[in-house]
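Colleague: Taken in sequence, the protein lines are chains A and B.
For what it's worth, this note's numbering labels the leading residue of the first sequence as 1, then goes sequentially.
For what it's worth, this note's numbering labels the leading residue of the second sequence as 1, then goes sequentially.
Derived by calculation from the structure, the hints in this document are not laboratory data.
Yeah, the Cβ is synthetic: ideal placement off N, Cα and C, and Gly gets one too.
Among the hints, a few may not be true.
[Claimed, not checked] Using C-beta positions, here's what the derived DEER-type ranges look like:
| # | chain 1 | residue 1 | chain 2 | residue 2 | range |
| --- | --- | --- | --- | --- | --- |
| 1 | B | A341 | A | T177 | 48 to 58 Å |
| 2 | B | E432 | A | T177 | 48 to 58 Å |
| 3 | A | A187 | B | D401 | 18 to 28 Å |
[Claimed, not checked] From the structure, some residues in chain A lie toward chain B, with a derived Cβ separation under 10 Å:
| # | residue |
| --- | --- |
| 4 | K55 |
| 5 | G60 |
| 6 | T68 |
| 7 | A77 |
| 8 | G305 |
| 9 | F309 |
| 10 | V312 |
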Amino acid sequence: MEASRKPETRDPRPETLPQSGLRLEELRPRAPEKKKFSDFFMPRRNKYILFDPAKCTGCGTCEMICSTRNVTRVAPARASVKVLTDEKLGRNFAVLCQHCRRPLCLEACPTRAIEKGDDGIVRINDLFCTDCGLCTMACPEAAPLKDPGTGEIHKCDLCEGDPLCVKHCPENALTYTRGKALRWIKAARWGVQALSFLFLVILVVGTFCYFRAGTVELSCPTGTLQNIASSGTLILVGASSALALLILTVLFGRVFCGWVCPFGFVLDLVDKITPKKLGWPNFLKSRMAKYGILGGAVGSSAMLGYQAFCTVCPIGTLCRSYGVQSVMQSAELAIVPVLAATELAERRSWCRYLCPVGATLGIASLLRLLKIVIGARKCKKFSCIQCAEVCPVGIIDADQLREGVSPKIPMTECIMCLRCVDRCPYSAAKVRFRWQKSTPGEANQ
Amino acid sequence: MSLYQPFFNGNIGVVDLTSLSAYTVDLPWDACREHIGGAAMNARLLAEYESDSLVFGTGPLTGSFAPASALLVGTFRSPRYDHLCHVPFMLRSGPELKFSGLDYLVIRGAAKEPCAVSAARSRVRVFPLEDSREKPVPELLQLLRRSAPGFRASIVTGPAADNDSPFASVSIGSHGSFDKVGLAARMAAKNLKAVLFNGIEGLPFREDHPALSKATEKILQASGSFTNKGFVSFVRKLENGGEAAKVLRGRLGRNRACYHCPCPCMTYAGFKKPGAGAENDGLLLMDHVGWAALSSKSDDALFLLQRCLELGLDPRAAGYGLREDGPLREAMHTIEKLAAAGASIDEEDYPSAPGIDARTYLLFGGGITPLASGSAWTDRVAAAMILGLCPIFTQIAGRLDRSDLLRFLSSDAEEIKALGERLDEQIGMLLEGKIPDEEGRGTGV
Numbered sequence: 001m002e003a004s005r006k007p008e009t010r011d012p013r014p015e016t017l018p019q020s021g022l023r024l025e026e027l028r029p030r031a032p033e034k035k036k037f038s039d040f041f042m043p044r045r046n047k048y049i050l051f052d053p054a055k056c057t058g059c060g061t062c063e064m065i066c067s068t069r070n071v072t073r074v075a076p077a078r079a080s081v082k083v084l085t086d087e088k089l090g091r092n093f094a095v096l097c098q099h100c101r102r103p104l105c106l107e108a109c110p111t112r113a114i115e116k117g118d119d120g121i122v123r124i125n126d127l128f129c130t131d132c133g134l135c136t137m138a139c140p141e142a143a144p145l146k147d148p149g150t151g152e153i154h155k156c157d158l159c160e161g162d163p164l165c166v167k168h169c170p171e172n173a174l175t176y177t178r179g180k181a182l183r184w185i186k187a188a189r190w191g192v193q194a195l196s197f198l199f200l201v202i203l204v205v206g207t208f209c210y211f212r213a214g215t216v217e218l219s220c221p222t223g224t225l226q227n228i229a230s231s232g233t234l235i236l237v238g239a240s241s242a243l244a245l246l247i248l249t250v251l252f253g254r255v256f257c258g259w260v261c262p263f264g265f266v267l268d269l270v271d272k273i274t275p276k277k278l279g280w281p282n283f284l285k286s287r288m289a290k291y292g293i294l295g296g297a298v299g300s301s302a303m304l305g306y307q308a309f310c311t312v313c314p315i316g317t318l319c320r321s322y323g324v325q326s327v328m329q330s331a332e333l334a335i336v337p338v339l340a341a342t343e344l345a346e347r348r349s350w351c352r353y354l355c356p357v358g359a360t361l362g363i364a365s366l367l368r369l370l371k372i373v374i375g376a377r378k379c380k381k382f383s384c385i386q387c388a389e390v391c392p393v394g395i396i397d398a399d400q401l402r403e404g405v406s407p408k409i410p411m412t413e414c415i416m417c418l419r420c421v422d423r424c425p426y427s428a429a430k431v432r433f434r435w436q437k438s439t440p441g442e443a444n445q
Numbered sequence: 001m002s003l004y005q006p007f008f009n010g011n012i013g014v015v016d017l018t019s020l021s022a023y024t025v026d027l028p029w030d031a032c033r034e035h036i037g038g039a040a041m042n043a044r045l046l047a048e049y050e051s052d053s054l055v056f057g058t059g060p061l062t063g064s065f066a067p068a069s070a071l072l073v074g075t076f077r078s079p080r081y082d083h084l085c086h087v088p089f090m091l092r093s094g095p096e097l098k099f100s101g102l103d104y105l106v107i108r109g110a111a112k113e114p115c116a117v118s119a120a121r122s123r124v125r126v127f128p129l130e131d132s133r134e135k136p137v138p139e140l141l142q143l144l145r146r147s148a149p150g151f152r153a154s155i156v157t158g159p160a161a162d163n164d165s166p167f168a169s170v171s172i173g174s175h176g177s178f179d180k181v182g183l184a185a186r187m188a189a190k191n192l193k194a195v196l197f198n199g200i201e202g203l204p205f206r207e208d209h210p211a212l213s214k215a216t217e218k219i220l221q222a223s224g225s226f227t228n229k230g231f232v233s234f235v236r237k238l239e240n241g242g243e244a245a246k247v248l249r250g251r252l253g254r255n256r257a258c259y260h261c262p263c264p265c266m267t268y269a270g271f272k273k274p275g276a277g278a279e280n281d282g283l284l285l286m287d288h289v290g291w292a293a294l295s296s297k298s299d300d301a302l303f304l305l306q307r308c309l310e311l312g313l314d315p316r317a318a319g320y321g322l323r324e325d326g327p328l329r330e331a332m333h334t335i336e337k338l339a340a341a342g343a344s345i346d347e348e349d350y351p352s353a354p355g356i357d358a359r360t361y362l363l364f365g366g367g368i369t370p371l372a373s374g375s376a377w378t379d380r381v382a383a384a385m386i387l388g389l390c391p392i393f394t395q396i397a398g399r400l401d402r403s404d405l406l407r408f409l410s411s412d413a414e415e416i417k418a419l420g421e422r423l424d425e426q427i428g429m430l431l432e433g434k435i436p437d438e439e440g441r442g443t444g445v
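So that you can see chain A by itself, here it is in the shape it has in the complex:
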């Protein structure tokens, strides 16, 4: 009599090989990610194939040529590149491997047959591939393709650095590129940040908190709020001097946070040398906390009779303490490394969750004129997600992009650094006026 047996469940990722006793890690150890020191400042950009849907005519030459290498036959159905066309409206959509920086197919492969080389090319090692097809399911682009003839898995290997599809495309709809040669927005932002730091911190003392040159007065809006609360009187000159930053925010959004803030510059530098992040526990991740801190700062100022938060404000501390004449006050600087250490957990943690100045500007940005839009129709590269990766405040929803939906960007949280606009290889991220409804790629459909 056959005993009833428990159905065997198959672990898709066996950690130990049954007979040998070897762990997969010992048999096929993952290669450590190699990074040069220069990568921290100017990350290596590997070449990839960029598809321009506006130029593509759907002739299928790329598929044809790819199959001659892939399966040594002209068989477009078995190519590693696929051009899909919406047969009603004619929108083309190329499915091809993006050789992601962190490939999901590589993570999903149970036999570690997928490897990412130093040249950035993600390859399938045929020796280890069992054609299980998990990589095709893991890839958001479905770029690894199961051969309908043989059942084998094929994946673009960029023809080892000389892609045939790019060479033979009659319309030049495919280009093999490292992306934009010079990201001028990035260069401009770093330049402005460095100059602001030099001006606000090194050259002039106390400029951000309160600055007066003749009849021109500028002051920090959060400091002004605390000033009003602590003194109990509304000083019109002081309030109007805080308006300058608020007007700037209404016009351009929180550009101060992204381009000018000296503490933001410090955080960006810390981020460069600490690329790996530890993360925050979920219960600490509340973007509303900064509004609470703002309320607390104003309330405590009213109770204590002096501007309580300003004494520990990292921005003000930097401005006040590092001047040539303020060596004595440099003890205050101790707050700066403490708060800068939050960068180890998440990029711009201070700006995301804690900064009351950012909260004040966030409230002002409710009246903003500009917004950032990302058109999923234009990018249509579900595995690219570079915009979400570079966003320092983490407000671009990568999951929405993977679903082909244009993400809604909360502009009160956006610091207008324009990293997404700069990085997007498909020009799908744009700055638009807030009343413009369409997203890139929608207008001409």
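With chain A fixed as given, assemble chain B onto it according to the hints.
Modeller: Just chain B, lined up with the frame of chain A:
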């Protein structure tokens, strides 16, 4: 390189609709060498089977590296004109038949109930298609996707053919075709609703094939020499085409090319259906002659064209059947009547293509865009129909002469010369409307 391999698979699929059986026979290589292929070989195969048979065939260059190698030829005895006709099909239908492992498809007899034929993996099968009668083309395609999933190209007939309308036209997918001579009626007489192709076998060309670099060079050369691309630039070359082009102003989307063609002659057009609110609709404009006839009759010509395609009706017939500037409701009624065989058009109302012999024009389907005239048109179109290239491309690709095309078949100068002579002979036979017998000599029909 030889004419035999790897340009042909060496298989002919034969379907007997009377017994709903199908089998495969070897390609007679001697006959293939004699007739080269395409329309000439189709005519030869038709002579071997019953005169009411229908032959779909490819040329030697179909699916090869040669530019615009997209042609499938449907050969039959036209019930409307009572002579042999060769209807060209482009997009991907030709390569898909060849990549399915078959070179020719002979369809004999007539089924009692509606059925469809499918070619895949070097085999052909016939299957019943219940509830398909009088289904509009898009619905029929949905039914086919359920009955035979995975097909990559299709040739279907619509309700107009089911109703024995003399103006019924076969459709490639839902895009229409150049059939103006009654192929749809022949298919309807056989109760054949659709022919499906699923090309996953491919042809054994490798990436290092010597023809590849030559082909790409020619394609890029040709692509650069076409200054005007897209549907409109082709329509403008027709008589009174300027007006037909004007109707499309502001409605055009992306251009579309057939398989491996450097010159897209089709374009997607978007429009709003009358009474459908803001919902956008669109279709692929392929039939230049049909559009030129239809567009002059109504401002809603795109909507009317869509209805013609749904019904499987020749848009040119609809164009000549409509009253100029009549209301949309009346135009729709006329189209429905034409599709239901309840209206007629005097054949003499059809102007023939200027400078081209009317019988020769009808011999090749009666819908190929006349971009050249006289013997230039005849010569280039006939050569394309035998070699398996797009007859529109061969008319405009002035830089590619016949010897250029033959060089894709052979690198041997002597063989090219012999091929050229045979091609001339076969063109002569086609134009005389003769069906060649087994010795290759033509016999009058």
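Colleague: Look at each hint and say if it fits the structure.
Modeller: Going down the list of hints, with the structure as the test:
Here the CB-CB span from A341 of chain B to T177 of chain A is close to 57 Å, well matched to the stated 48 to 58 Å. A beta carbon spacing of about 55 Å between E432 of chain B and T177 of chain A agrees with the range 48 to 58 Å that was offered as a hint. For the hinted restraint 18 to 28 Å between A187 of chain A and D401 of chain B, the CB-CB distance of approximately 53 Å leaves it violated. Because the closest C-beta pair between K55 of chain A and chain B is about 9 Å apart, less than 10 Å, the hint holds.
The restraint placing G60 of chain A at the interface with chain B holds, with a minimum CB-CB distance near 5 Å, inside the 10 Å limit. A least Cβ separation of about 4 Å between T68 of chain A and chain B falls short of the 10 Å threshold, and the interface hint therefore holds. Hint on A77 of chain A holds. Least Cβ distance to chain B is approximately 4 Å, under the 10 Å limit. At a threshold of 10 Å, the smallest CB-CB gap from G305 of chain A to chain B is about 60 Å, leaving the interface hint violated.
For F309 of chain A, the shortest C-beta to C-beta distance to chain B is roughly 51 Å, which exceeds 10 Å, and the interface hint is violated. Hint status for V312 of chain A: violated, given a least beta-carbon distance of 55 Å to chain B, over 10 Å.
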